[in-house]
Each structure stands twice: as structure tokens, then as C-alpha cells.
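Protein sequence lines, in the order shown, are assigned to chains V and A.
Here the numbering used here is used: the first residue of the first sequence is 1, the next is one more, and so on.
Here the numbering used here is used: the first residue of the second sequence is 1001, the next is one more, and so on.
Among the hints, erroneous ones may be present.
What the hints assert, rightly or not - Once the Cα atoms are required to be at most 27 Å apart in a straight line, the calculated DSSO-like pairs of lysine-lysine come out as:
(1) V:K42 with A:K1130
(2) V:K141 with V:K111
(3) A:K1065 with A:K1092
(4) V:K42 with V:K54
(5) A:K1130 with A:K1092
(6) V:K141 with A:K1084
(7) A:K1084 with V:K42
(8) A:K1216 with A:K1229
(9) A:K1092 with V:K141
(10) A:K1065 with V:K141
(11) A:K1065 with V:K12
To be verified - Examples of chain A residues toward chain V, derived with CB under 7 Å:
(12) L1063
(13) R1087
(14) R1090
(15) L1091
(16) R1118
Because the hints were derived from the structure by calculation, they are not lab data.
For clarity, every value in this text was computed on a predicted model and none was experimentally measured.
Here a beta-carbon is modelled for each residue, glycine too, at the ideal position from N, C-alpha and C.
Spelled out from the first residue to the last, the chains are:
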Amino acid sequence: MNSKPRTYILSKKLDVFFGEVYNNVLFIGRFFSELGPPYEWKEIIRQCYMVGYKSLPLISVTSFVIGIVFTKQSRPSLSEFGAESWLPSLVAIAIFRALAPLVTALIAAGKVGSNIGAELGSMRVTEQIDAMEVSATNPFKFLVVSRVLATSFMLPVLMFYMAFISMIGAYLNILVNEDTSLVAFFVNALENISFLDFFSSLIKTIVFGFSIGIIGAYQGYNATQGTEGVGRAANAAVVTAMFVVFIEEIVAVQITNWFR
Amino acid sequence: MHKKEIHTSEREVVIAVRQLYKSFGSNHVLRGVDLDVHQGENVVVLGRSGTGKSVLIKIIAGLLKQDSGKAVVLGEDVATLDRKALRNFRLKIGFSFQNSALYDSMTVRENLEFPLLRNSRNLGRTAVNKAVQDVLDDVGLLHTINQFPAELSGGQRKRIGIARTLIMRPSVMLYDEPTAGLDPITSVEINNLINEVQQRYNTSSIIITHDLTCAKATGDRMAVLLEGKFARMGSFEHVFETDDERINSFYDYNFID
Chain V
1 MNSKPRTYIL SKKLDVFFGE VYNNVLFIGR FFSELGPPYE WKEIIRQCYM
51 VGYKSLPLIS VTSFVIGIVF TKQSRPSLSE FGAESWLPSL VAIAIFRALA
101 PLVTALIAAG KVGSNIGAEL GSMRVTEQID AMEVSATNPF KFLVVSRVLA
151 TSFMLPVLMF YMAFISMIGA YLNILVNEDT SLVAFFVNAL ENISFLDFFS
201 SLIKTIVFGF SIGIIGAYQG YNATQGTEGV GRAANAAVVT AMFVVFIEEI
251 VAVQITNWFR
Chain A
1001 MHKKEIHTSE REVVIAVRQL YKSFGSNHVL RGVDLDVHQG ENVVVLGRSG
1051 TGKSVLIKII AGLLKQDSGK AVVLGEDVAT LDRKALRNFR LKIGFSFQNS
1101 ALYDSMTVRE NLEFPLLRNS RNLGRTAVNK AVQDVLDDVG LLHTINQFPA
1151 ELSGGQRKRI GIARTLIMRP SVMLYDEPTA GLDPITSVEI NNLINEVQQR
1201 YNTSSIIITH DLTCAKATGD RMAVLLEGKF ARMGSFEHVF ETDDERINSF
1251 YDYNFID
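Bound-form chain V, shown alone (with noise of 0.2 Å):
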């Protein structure tokens, strides 16, 4: 039988583009229709021991490291005009407005994302997902509500541990060339961090974490033809939850300008 050549409305690509983006947007409006009671309550607290605890020691390492190097980066500059007292300011208002909740965001992008987006996709391929619509029971809400609740929740939390490590990792820095005590640097540090940048960053960070877990969702709940979507599902959840988080930091920004 013959079948009609497919005509597309742009290009393929476009087409392709903006049918994702719609998708995108159904998946995310089936997310709020679907997140009534009853809860998943275990599966919930299982995906926050999963986001959470299992980042710590990669967050704990890079917010350790990212204190260090940037403290030491920042030093000459400073020197340059007298203003060594400063660093402690210049490094918290870094780390609490910027560097905290983007890195965070991107750590959690990586292992996060790409976990979510290869576990549901192989659950999908191997009719696991297939498997619990059958037995009428809702799929969705056990694996992408669960899942995407956990990182909104567990981001801010590990954007908060990770800015406590850098400031640690910045005063270790800072101990080696100045005497300064733990609640002196503290304080000075603090003194110029307000409550917008506390908010704005956990307002920030419940956005990206809501992101990197509906996008690795999305992808892994759609993904098909066998283990090389799976690994397609992974590779897309993670390139896609990145640039959507620049984009979301981008706007961000803007946005707490605004309000200062």
C-alpha cells in the first residue's frame, strides 16, 4: 500500500522542535492534574534519600573544592587595592546569589537528571511502565510525581548544604594566609547577604530542581527503541535540564534585579 509522503508545517527539525516543546508542556499540565491525594508518600521519601543523600559526597567535594579555588582566585585581585578584609563578603555573596543553586543545579542535572531519565526509560522499554497501567494502577504518579516532588524538595536543601562546604572550604582558605576565627568570618561573610538573596536563591532552586525532574521524567517516560533510548532518554535529560537551568538562572537574575 502506498503512504503519502509526510508534509511538515516549518521543517522537520522545527516541527519536531516545537512538537516536543508541546508535549513538554501536556506532560508537565498531566505533573499538577496528577498531584492530589492519595501521595506516594514512600516512593516520595525514597526519591529524597535518593536525591539527597545520595549526592552528598559529590556535593560535598566540588562546594569544598569551588570554596578553595575561588577564595584564592579572588585574593590577588583584592590585594590589589587593600581590600583583603572584603573577601569574605565578595565569596558569600558569590557563593549564596550565584554559585550555590547554579552548581548545585548542574551537579543535579548530571547525576540526578540523567539517573531519573535512564531508570524510567528502561522501565519503559523493559514494559514496566506498560506493567503498571495494566494492573490499574497510575504509573505516573508513582514514578514522575514521586520523583520530580523529591527534587524540588531535596534541591534547595543540598543548594544550602553546598553553600555551608564552600564557606567552609573559603575560610580554610582564608585561615592559611589571615587569622581570622570561624564566627568572625562568619559574620563578616553574612553581613552583606540579605534576605532577598535567601530567598531568591531557594525560590531559584525549587525552580531548577522542579525542572532537572520533569525533564528527566519526561524523557525517560517517553523513551523508546530499546537500550539506545534508554541511553538517548539519559544523555537528553541532562543536556536539556542544562540549558533550561541557564535559561531559568538567566531570568532569575532579572527578575531578583528587580526587586534589589
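Assemble chain A onto chain V, guided by the hints.
Just chain A, lined up with the frame of chain V:
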């Protein structure tokens, strides 16, 4: 286990498929399929790989939507059901997947509890434990209750997959290649289990297979799917008493002298 002969003409039709069409792009998989399955009957759908056998039962279970035609199961037109109605409908359907589709991250107990806890929320812990143990006992795998799917053999995974569907006491069972990838002895065990399920749970079943030993052992009636349509239906002997080269070659390749 010997199969009891059943007289289907007196029994009500529980699955009625009418003029079912389904295509994937330019690949026209089903081209006007008609099928009746009666109460308590095991119908085997035979056919080569890629002929749309699995697509047919996925449409019956509401996992895929047909392009046209009807699949009426237990009096409900599956394609017209909304999400909630589809969920209620699926309480009456059991689906055994080709690769068992057990949840990797859960133990056998959690796999079996999964549908039960979500569909019978008022059930107490004791009742849940009893249901799990009973159904595991039925498939002869009570000792695997705390194991993960990765620790089970292929045959055990098939049995647990069937047990997971039986725990909801379905009226209709859909088996997708139940003996695929199993050794002959385990295949016979699965065939016996399918017959036991039919008798003990009074289920009506569609069994998708290209294994004629399985078909002969489990089926009350055969239906041969060729080029998107049923080419022949009836008893095992009747189906293969034909001059149709396509059906005969299928037989010859299964039973090599």
C-alpha cells in the same frame, strides 16, 4: 495437566473484536481482525514475529488505540473508556508480559503488593500478606518472596509475573509469549500453570505465541494471524489440516522430524 474440553457455543462472549485496524506509519499491522473469546475459554493466537499478535492484546488491554474497529471486553468498548473507567476496567484484566516486566527495584513481595495496595486501600496488613502468600503458593514460588527479580530464573520471573496479575483475581488473562526464551521443561510448567489458572480462577484467556507445543497444550481454540488478518480458526487439528503453504510451513518449522 490434561485440558478439559469446553463447549464454547453455550457460553457468553467476553471478548469481541470487530474489524480491528492498526498501523504504525506505513506498516499496516492489523487489517480487519475479528475474534470472539467465550467465558472460560483459552484462545491461542498464532503467528510469526511482527504479525501484530502483541498489538492485538495491547489494544484489548487499552495500552494501544486502534485506528478503527472495536474491542469490546466484558461488555465495555475499551477505546471509549476515560482514564478512571479504564482503571476500573483493568481491575478485571490480567496481562502477562513477554519479559515478565517485574519491577526491578522491588522484591517479589513488593511486586505482588503493588497493585493490591493501590486498588484495595482498606485492606489490612494481614489480608495483604495472606493474599500474597496464597498467590505465591498457587504458582509454587513462596520461597522467593523476599528475593529481587534479578535473583530469579526466567521461568520463575514468568510465574511471578502471572502471580502479580492473579492477585487482583482477573476475569480475563492476556498472555504475551508465555514460553518465549524458556527451556522445554520450564515451558511445560508454564503451560500447566496457564491451564491451572484457567480452571482455578475461571478465566478467559488469549495466549499469544509462536510455540505450537504451548498452543496445543493450553488452547481450546487456535487463531492464525497472517498478514494482519486471521487466516484460520478452530481446533489445533483443524487449523493445520489445510493446503495453505504459509500455515503448513509454520507447523513444519515448529515440529521438525
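Evaluated hints:
1. V:K42 with A:K1130: 22 Å, holds
2. V:K141 with V:K111: 22 Å, holds
3. A:K1065 with A:K1092: Measuring from Cα to Cα gives roughly 19 Å; hence the hint holds.
4. V:K42 with V:K54: Judged against 27 Å, a Cα distance of about 17 Å means the pair holds.
5. A:K1130 with A:K1092: 20 Å, holds
6. V:K141 with A:K1084: Given that 27 Å is the threshold and the Cα spacing comes to 14 Å, the pair holds.
7. A:K1084 with V:K42: 23 Å, holds
8. A:K1216 with A:K1229: At roughly 21 Å apart (the allowed maximum being 27 Å), K1229 (chain A) and K1216 (chain A) satisfy the hint.
9. A:K1092 with V:K141: 21 Å, holds
10. A:K1065 with V:K141: Distance ~22 Å between K1065 (chain A) and K141 (chain V) Cα, so the pair holds.
11. A:K1065 with V:K12: Holds, at about 26 Å.
12. L1063: L1063 (chain A) check passes; min Cβ-Cβ to chain V is 6 Å, inside 7 Å.
13. R1087: Since the shortest Cβ distance to chain V is 5 Å, the answer is holds.
14. R1090: Constraint on R1090 (chain A) satisfied, holds at 4 Å.
15. L1091: At about 5 Å, which falls below the 7 Å cut-off, the nearest Cβ of chain V leaves the hint on L1091 (chain A) intact, so it holds.
16. R1118: Nearest chain V Cβ about 5 Å off; hint holds.
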